[in-house]
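Enquirer: For the sequence shown, position 78 matches number 194 in the numbering used here, and the numbering has no gaps at all.
There's no promise every hint is true.
Heads up, simulated EDC-like pairs for lysine to aspartate or glutamate below, C-alpha to C-alpha not over 16 angstroms straight-line [stated by the list, open to error]:
hint: 1; residue 1: Lys171; residue 2: Glu135
hint: 2; residue 1: Lys171; residue 2: Asp131
hint: 3; residue 1: Lys195; residue 2: Asp138
hint: 4; residue 1: Lys143; residue 2: Glu169
hint: 5; residue 1: Lys132; residue 2: Asp222
hint: 6; residue 1: Lys171; residue 2: Asp144
hint: 7; residue 1: Lys171; residue 2: Asp138
hint: 8; residue 1: Lys190; residue 2: Asp144
Here are the computed distance ranges between Cβ atoms for each label pair [claimed, not checked]:
hint: 9; residue 1: Lys139; residue 2: Lys171; range: 16 to 22 angstroms
hint: 10; residue 1: Asn142; residue 2: Gln206; range: 28 to 34 angstroms
hint: 11; residue 1: Val152; residue 2: Lys195; range: 22 to 28 angstroms
Hints were generated in silico from the structure; no laboratory data involved.
Note that beta-carbon positions come from the ideal geometry of N, C-alpha and C, so glycine has one too.
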Amino acid sequence: MITTFIGPMFSGKSDKLIEVYDKIYNKDNVICFKPVYDNRNLGVIYSRNKSVELKCYLITQFEDILFILQGLNKPFTGKVILIDEAQFIQGSVQVLNYLSLKKNFDIYIAGLTLTSSLKPFRVYATNFIYYR
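When you get a sec, could you build the whole thing from the sequences and use the hints?
Expert: The following block contains the structure:
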């Protein structure tokens, strides 16, 4: 399953990722990713409304997720992937489809809908939840 939280800045998208994380009993079942290009709160998903920070692997493209999952010191046995600020991640979104459909991961993605010049970012998933 791929679920996205999309909307403008300050609409609570990262808060929704943290809510997903909070609901999971075994935190070892979750792995988080964030783009290198987002240099605010580098390496963490952060909420202005909560005092929670989720440590993330930094990536530049979706394919990096596969390399990180395969290259961990111990195999990742969890089934939940959280991705913040997905609009800055390059590469093929087919990686997410592969992980969801073939590897049975639940993927939660947060990202902006529009650039600062009001041009849409590309669509990167299927089940959209829009927040304002």
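Enquirer: Hints the structure violates: just list their numbers, smallest first.
Expert: Violated: none.
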